[in-house]
Every structure is written in structure tokens, then in C-alpha cells.
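Model the full structure from these sequences, guided by the hints.
Same order as they appear, the protein sequences are chains A and B.
Under the working numbering, the first residue of the first sequence carries the number 1, and numbering increases by one thereafter.
Under the working numbering, the first residue of the second sequence carries the number 1001, and numbering increases by one thereafter.
One or more of the hints may lead you astray.
Under the rule of at most 25 angstroms between Cα atoms (straight-line distance), these lysine to aspartate or glutamate pairs were calculated in the DMTMM-like manner [to be verified]:
#1 B:Lys1098 x A:Glu42
#2 A:Lys49 x B:Asp1027
#3 A:Lys106 x A:Glu63
#4 A:Lys77 x A:Asp55
#5 B:Lys1055 x B:Asp1065
#6 A:Lys56 x B:Glu1103
#7 A:Lys110 x A:Glu15
#8 B:Lys1066 x B:Glu1022
#9 B:Lys1098 x B:Glu1052
#10 A:Lys60 x A:Glu15
#11 B:Lys1098 x A:Asp94
#12 A:Lys52 x A:Glu42
#13 A:Lys68 x B:Glu1103
#14 A:Lys60 x B:Asp1027
#15 A:Lys110 x A:Asp84
#16 A:Lys106 x B:Glu1103
#17 B:Lys1066 x B:Glu1087
#18 A:Lys110 x A:Glu8
#19 B:Lys1064 x B:Glu1022
#20 A:Lys106 x A:Glu15
#21 A:Lys49 x A:Glu69
#22 B:Lys1014 x B:Asp1065
#23 A:Lys49 x B:Glu1022
#24 B:Lys1064 x A:Asp84
#25 A:Lys110 x A:Asp94
#26 A:Lys49 x A:Glu8
#27 A:Lys49 x A:Glu76
#28 B:Lys1020 x A:Glu42
#29 B:Lys1055 x A:Glu15
#30 A:Lys77 x B:Glu1059
#31 B:Lys1014 x B:Asp1027
#32 A:Lys52 x B:Asp1088
#33 A:Lys60 x A:Glu76
#34 B:Lys1098 x B:Glu1059
#35 B:Lys1020 x B:Asp1065
#36 A:Lys60 x B:Glu1022
Hints were generated in silico from the structure; no laboratory data involved.
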Amino acid sequence: GNSVTQMEGPVTLSEEAFLTINCTYTATGYPSLFWYVQYPGEGLQLLLKATKADDKGSNKGFEATYRKETTSFHLEKGSVQVSDSAVYFCARMDSNYQLIWGAGTKLIIKP
Amino acid sequence: GAVVSQHPSWVICKSGTSVKIECRSLDFQATTMFWYRQFPKQSLMLMATSNEGSKATYEQGVEKDKFLINHASLTLSTLTVTSAHPEDSSFYICSASKGLPYEQYFGPGTRLTVT
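Structure follows, in C-alpha cells:
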């Protein structure tokens, strides 16, 4: 079926570590892909997006590349900070322009 | 800009009563508002989409008579859970869009507990 699968958390890292949160999707065609972030006590925010294959979305040091060969959109950051602690959601857009969500990955960064 | 608020942030109610949750776009006019439900460790489930002044479009499996949505203005949408039961306990999240469907601005959510 059409779904978004992301790695189960929580993911716990030390400050300045390299981060990867995996996300894969199933869909017909090449849907737009997104990463949203939810900081503690706040609403979800769009972190980055990619609308076509091989596009790279980036924001706040985070990057994700749209890989159609592997149907993936993994989130990466070279050096995480304590302030990056949050829940990260991968999502794709369906043909009705609605967002299909992954389950979310909680990221905990320890000083 | 693009701030969305929800009220209340948490509510506890008794089984059989009704609860209203408000979603407001504070600094923009929202052409469309969305209501989601989130279960622990699960993804957001879209419940319904509403445009100002028209009836909400409910997703398959969502009871429209139980989850009443009113989108009376470009800055306010309400979700009323009628005759609540313990299985309605969940985290309800709203979002608002200025136009582009993926640019949704989310509220902080409302935790509903039905006893």
C-alpha cells in the first residue's frame, strides 16, 4: 500500500554526533517528500522538502535527498546539538494533496 | 508569522459528555484547516479537511456525527467530540494552510482523556 516508514526511536546521540534518521516510502509515481519537526511543547513545523527525484532539501544544517532508486528520503545532520532534540516526522504527499505520515522518531541529544 | 493555537491544551471529561476543541490561526487567514488524531507511537491520522464556510470532508472511517467540525471563519475551526467514550482518548492536532497544501502550520495539539 501507500505508506511512509521511518526508523523507530528514540534515537539517543551525544552532542556533535552525526545523525541519520531513515525514511522510506511506497507510492506510485514520484510524490513530494517532507520532514517535519516537533519541538517539545510546540506544533509541528516543516523542516525541509523535496518535490522531485534527486532534489536535496536542506534547512538548519539538516539535509535529505530524494532517492527514487531506493524510495528513500533519509534525514541527516553532520553535528547535532542539544537543541535538536525533538520528534521528527517524515511525510509524503498523495495524489489528493494530503500528507501521509510516518510514525515519528524521537531524537534525544545529550550534552 | 503563521502561528496556530489550540485550546484547550488538555482536557479530561466524563464518558457521554461532549468536548469542543478550538483551532485558531493567529496571524494569517487559513483557506483550509485540517484535523488530525495521533495515537501513541503512531503516525498522524487525518480525520477531516475543512474550508471556511463549507462542510468538512471526512476521511473514510471517521464518524462525522461524532466528530463535528465547524469552520466558521478564516481564522477559527472547532472540533466537537460528541458523546465521548474512553476510546476517543487521544491527541488531537489541527493545522491551517494559507493555500499550498503541504505548507500546513500546526497547532500544539490537545490531549483528550475520557474517563
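Evaluated hints:
no., hint, result
1, B:Lys1098 x A:Glu42, "holds (19 angstroms)"
2, A:Lys49 x B:Asp1027, "holds (24 angstroms)"
3, A:Lys106 x A:Glu63, "holds (17 angstroms)"
4, A:Lys77 x A:Asp55, "holds (17 angstroms)"
5, B:Lys1055 x B:Asp1065, "holds (12 angstroms)"
6, A:Lys56 x B:Glu1103, "holds (18 angstroms)"
7, A:Lys110 x A:Glu15, "holds (6 angstroms)"
8, B:Lys1066 x B:Glu1022, "holds (16 angstroms)"
9, B:Lys1098 x B:Glu1052, "holds (12 angstroms)"
10, A:Lys60 x A:Glu15, "holds (15 angstroms)"
11, B:Lys1098 x A:Asp94, "holds (19 angstroms)"
12, A:Lys52 x A:Glu42, "violated (29 angstroms)"
13, A:Lys68 x B:Glu1103, "holds (23 angstroms)"
14, A:Lys60 x B:Asp1027, "holds (24 angstroms)"
15, A:Lys110 x A:Asp84, "holds (10 angstroms)"
16, A:Lys106 x B:Glu1103, "holds (22 angstroms)"
17, B:Lys1066 x B:Glu1087, "holds (12 angstroms)"
18, A:Lys110 x A:Glu8, "holds (18 angstroms)"
19, B:Lys1064 x B:Glu1022, "holds (17 angstroms)"
20, A:Lys106 x A:Glu15, "holds (15 angstroms)"
21, A:Lys49 x A:Glu69, "holds (18 angstroms)"
22, B:Lys1014 x B:Asp1065, "holds (19 angstroms)"
23, A:Lys49 x B:Glu1022, "violated (29 angstroms)"
24, B:Lys1064 x A:Asp84, "violated (38 angstroms)"
25, A:Lys110 x A:Asp94, "violated (36 angstroms)"
26, A:Lys49 x A:Glu8, "holds (21 angstroms)"
27, A:Lys49 x A:Glu76, "holds (13 angstroms)"
28, B:Lys1020 x A:Glu42, "holds (20 angstroms)"
29, B:Lys1055 x A:Glu15, "violated (48 angstroms)"
30, A:Lys77 x B:Glu1059, "violated (35 angstroms)"
31, B:Lys1014 x B:Asp1027, "violated (34 angstroms)"
32, A:Lys52 x B:Asp1088, "violated (38 angstroms)"
33, A:Lys60 x A:Glu76, "holds (11 angstroms)"
34, B:Lys1098 x B:Glu1059, "holds (21 angstroms)"
35, B:Lys1020 x B:Asp1065, "holds (14 angstroms)"
36, A:Lys60 x B:Glu1022, "violated (31 angstroms)"
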